[in-house]
Each structure stands twice: as C-alpha cells, then as structure tokens.
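Colleague: Between the sequences and the hints, there should be enough to build the whole structure, so can you do that?
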Amino acid sequence: MAIIEAHGLVKSYADVNALDGFDLTVEKGRIVGLIGANGSGKTTALNTILGLNSLDAGNISVMGLEPIRNRAQLMESVAYIADTGILPNWMRVCDLLSYVADVHPRFDRSVAQAQLANTDINLSKRVRVLSKGMHVQLHLAIVLAINAELMVLDEPTLGLDILYRQRFYDAVLNDYFTEDRSILVTTHEVREIEHILTDVIFIHKGRTCLSLEMSEIASQYTKLTASESTTLPVEPILRHQTLAGMEFIFAGVDRSLLEELGEVATPNLAELFVAIVEGN
Amino acid sequence: MRKFKALLMREWLEHRSSFFWGPVVVLAIIVLVGLFVSSFGDRFTTEFSSAERLQLHEQLGRDTDNISLPQAAAAEGLDVAGSTDEELSLKLRSFLNGIATPFYWVLLVVTFFALIGCIHDERKDRSVLFWKSMPVSDWQCVISKLVLIVWVAPLFTIAAIVLAQFYAIVIGSLHVEDGMGSRVWSQSGLVLKPFMLLVGYFLQSLWALPLYAWILLVSSWAKRTPIMWVVGIPAGLSILEGIFFNSQYLGNAIARHFNLRGLPRGDGDLSVQLSVLTDAGLWLGLLVSAVLLGATIYLRRRNNEI
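Chains as they are written, first to last, in the numbering used here: chain A, 2 to 281; chain B, 753 to 1058.
Among the clues, some could well be false.
As the list claims (entries may be wrong) - When the alpha-carbon atoms are kept at most 27 Å apart in a straight line, the in silico DSSO-like pairs for lysine-lysine are as follows:
1. 876/B to 755/B
2. 975/B to 876/B
3. 755/B to 126/A
4. 133/A to 876/B
5. 206/A to 755/B
6. 876/B to 757/B
7. 126/A to 975/B
Just so you know, these hints were derived from the structure itself, not from any lab.
Everything numeric in this text was worked out from a predicted model, so none of it was measured.
Modeller: Listed below in structure tokens is the structure:
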C-alpha cells in the first residue's frame, strides 16, 4: 500500500485555488521531490498531508488515515521540518527534548542527544539564542530520533549556508532513510536534491503537471544543443538560447533521431521544470 | 496520563515567570511593609485630639501619651479587648481578606494575559506547526492550557496568600493591646484558611469559566490584537442588544460572572460558599463554557500560523 495517496485535491482560499485537482502518490522506500514555484500550492499540499488543512474536494489517505481527522495518531509515524524555524523560542533545548520524549511514543532521546553531541548546541540554552543553522540542526536531531515512516521536509534548508545544507541532506540520507521509510521534500533549490530523489512531481497552479521516476527522465526527455538554424524533426517543448547555441527540450522523442543534429543529453530537473511549466 | 502531565509541564514552563513572580512580588511588598511597621513604627507618633485620646485611653485602660502609630491603629481597627469573639473574628476576617485582595488582582491580570496569549502567540511565532507535528490532539492541547492556567498555576498565589495571612497575624498580634495576642490567634481562623481559600478559588473559577473560555476562543481565532476582540465583541453585542431589544441580558450576565462574589477570598462559612452550586447562573455558565471550548478546539485544529 502506498504511504500517501491523494487524488483530485482542491483547496481554495478566498478566491485563490491553492490546490486545483492535485494528485500525489508516495510509495514506501521512495524519496519524492515536490517541485514548484512560489505560490504553486506546494505548502498547501504538504499541510493537507500533515492534517493541518481541510479540503474542499478530493481524497487523501496517509498511511491509511484521513489526516485532518486523525492528525494526532498520524503524527506518531510522520516527522516534519518546515521552511523556517518553528521550534518554540522560549524553551530550553533540554526541556524541549523532555517534552517530545513524554508525548511521542516513538522518540528515542538518546539518539537525539547523540546527534546534538556532534553540534555546538548546548542543552541548557534556549532555542531563541541558537543561530538559524543550529535551529535546523536541533529540529533535525529531534526528527531523526523519531522512528517515523514518513518524513516531510518543506524547504528545510532555506536560508542556511552551504555547509549546513550539505550536512543536512547527508544526515537525512545516512541516519534516516531506509527502504522501509519514505521522504517527501519540497524545495526550489532543485539542484541540491536532484541526485538523491527517486521520484519527482512538478506542481503548477495547484495541479500535478509531471509525476515521474527519476530513472524515466532519460528515456522520456532529451536535451539537444544545436545551432539556431537546425531543422527539427519534431517540435520541442522548449527552446532556449544559451552561449553554446540553442537548447531544445523534447518529450517522447527517440534519441537516435536527434543525435546527428547536435549534442544530446538528458535535461536536468531545473531545465525540465522550466520546459514543462512553460509548455503548460 | 504521562502525555497530559507533559502538556501541563510545557504550559507551566511557558507561563511560570508571571505566575511565580506575580505573587512573590506582592508577598515581598507585604513582608517589607510589615517589617517596616514593626521596626520603625514606634518612631511615628501621631497627634491625637483630646476626644481620640480619651477613647483610646478607655480602650487600652492605660496612659496614651507615648502610644505608637501601629498600636493606635491596631487598637482602633481591631479593638480586641472591647470585642466579643464573634466581632473579633469578623474583623480579622476582613483584615485577612484585605491582605488577599492584591494577590487576586495580580492573579487576575496574569491569568488574563496568559489565556489571551497561549494560542495566539504560538500561531504568531509559527511554533504551532511544531506542536501540531507532535502526536497530541487539539482537544488535549486546549484543555491542558486551560487546566494549567486556571487550576494549577494559581496554586502559587494561594500558597503566597496563606503565607501572607500568617505573617499578617504574627505582626498584628504583636501590636494589639498587651496580653491580647492569643485572642487574635484563636479567632483568626488561620488553620482552616488554606482549605477555605482552595474551595473558594475553585468555586470562583467555575463561576468565571465562561469568561476564561471566551478569552481562549479569541486567542485561537483572532489574527491580530486579540485583546481588542476580547473586550470589543462583548461590548459591541451589549450595545446592539440595548439598541435593538432595549435589554441588557448579555451585559448583566458578563458583569455577574466577572463579579468574583468574594468567593476566592475564602470568605464566610463553607455553606455560604457552596451555595453558589445552587445558582442556575453557575450551571448555565458551565454550559456556555463547554460550547466556547468546543469552538476553541475546532479553531485550534483549523487555524495554523498567522
């Protein structure tokens, strides 16, 4: 059974459709990237999965539960890190750990403390005095000590410097991810997560406009770099002027047709995102 | 149970400074005033008119030429020698109530701000997203806030009042007429006072529960300046009621539940205190509280960060 199954999600705020028929499936053992521009409905989609939003229409099931009705039960097996520091500023680190240990049946305090021992975070300090990077490290240490089946990351490295970013994803991969667990991550720094994803979903104006396994990208999409005057056998989904010449992105075209026209490659996620979203 | 205790502890950590330091500061002021009066009161003498002097002379049965201010105050205020046990007990009761009053005013302010901030603040600083990522349901969260703020944290205030009243009786018994200190002790009712304070506070909290629940509701609903809505909505509704129906049910009901009825002071006999249980207003208020708390829980579930 899929960890997350969502079909035709619709959610409106005032006169804006944040979600407008959004679909998503996350299987066990996958790392799914949810890629979208600002205001595309990413955060609304995540909030719906976490049981923070009600829906106007559509079906969603996360580990067999309806999130908004069963949030408390669901959160026993879901871990979540948001785009800005959301830990309570007024609390001491040690009190925070005690709180989580008391309310969370799957939290192992010793794991969190072992994680924190590798950082400069002092247990007697208040969250307020931690730097932004330390705040994320603390949240990550808590989340890694939760034996969760699903980890939801909403722009977790936003505003962090490059060292913290690298360490963050290393820790998630090494200390959390197994074939029994799944990760759903959003970011607009696509390059940062491209190499760790198993699946990718593009969201635009509240709709799913691409849902693929990463391994399928090469067989379905091709990037051709050639001169502007090249005669193309089929219409590309995107043309893009670069210093090296003209770049064309093709969908569902046999590579052998293109190879003689110029340099052929697989587009990266950022290129594909632009091609698909602009093509829409 | 472990989870609920953790929720109470979390709430206590957030509010402890005001609930702890509020009564401690009042207690400190009372202790300092008491010490000052005991140590330096003798240096203040007052000019008594001859009529006052005569009255004091009769009360004390001794020369009043060098009577100190606190002694005169005790003689005039309590007049231990000239009172029956019943009169003395009543006077002491109102004296001790006077000691408790500043504590209750401070507690009222602290409770008000704790309730108004407890849900609004976590939405404002977005920590609500963290709390909601924990396996704690919204009703557990709202009820734990109410229980800690209304029924647990105020125990500090009650304890401080007990100490202050004990201290006041010590100081008072030192300054009454010679040989009368023991009567002050025996008529003070000090032994039963902690129990009466607890019962009184608990009954008063039930009586005022609809107001507390209303503040919580606004805290979970308002996007900004909850304090304005807490006061503004009832005031506006009362005014509208006056204009359209020419009646004042809402205003009266609020005033009635805001009036603390002297209950928390541990005033009067137990039977007088418990009589509030037969007041239909109490039960109606509890019903309204349940509805308001239900709405608060619903909004806590629906509303996230501001």
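Colleague: Taking the hints in turn, state whether each one holds.
Modeller: Hint check results:
Taking the CA atoms of residue 876/B and residue 755/B, the gap is near 25 Å; set against the 27 Å cutoff, the hint holds. Distance check on the hinted pair: residue 975/B and residue 876/B sit about 8 Å apart at the alpha-carbon level, within 27 Å; holds. Proximity of residue 755/B to residue 126/A is assessed by CA-CA distance (about 24 Å); at most 27 Å being required, the pair is judged to hold. Taking the CA atoms of residue 133/A and residue 876/B, the gap is about 18 Å. The hint holds against a cut of 27 Å.
Taking the CA atoms of residue 206/A and residue 755/B, the gap is near 41 Å; set against the 27 Å cutoff, the hint is violated. Among the hinted pairs, residue 876/B with residue 757/B is consistent with the structure: their alpha-carbon atoms are about 25 Å apart, no more than 27 Å. Taken as a hint, the residue 126/A and residue 975/B pair is broken in the structure, with Cα atoms around 30 Å apart against an allowance of 27 Å.
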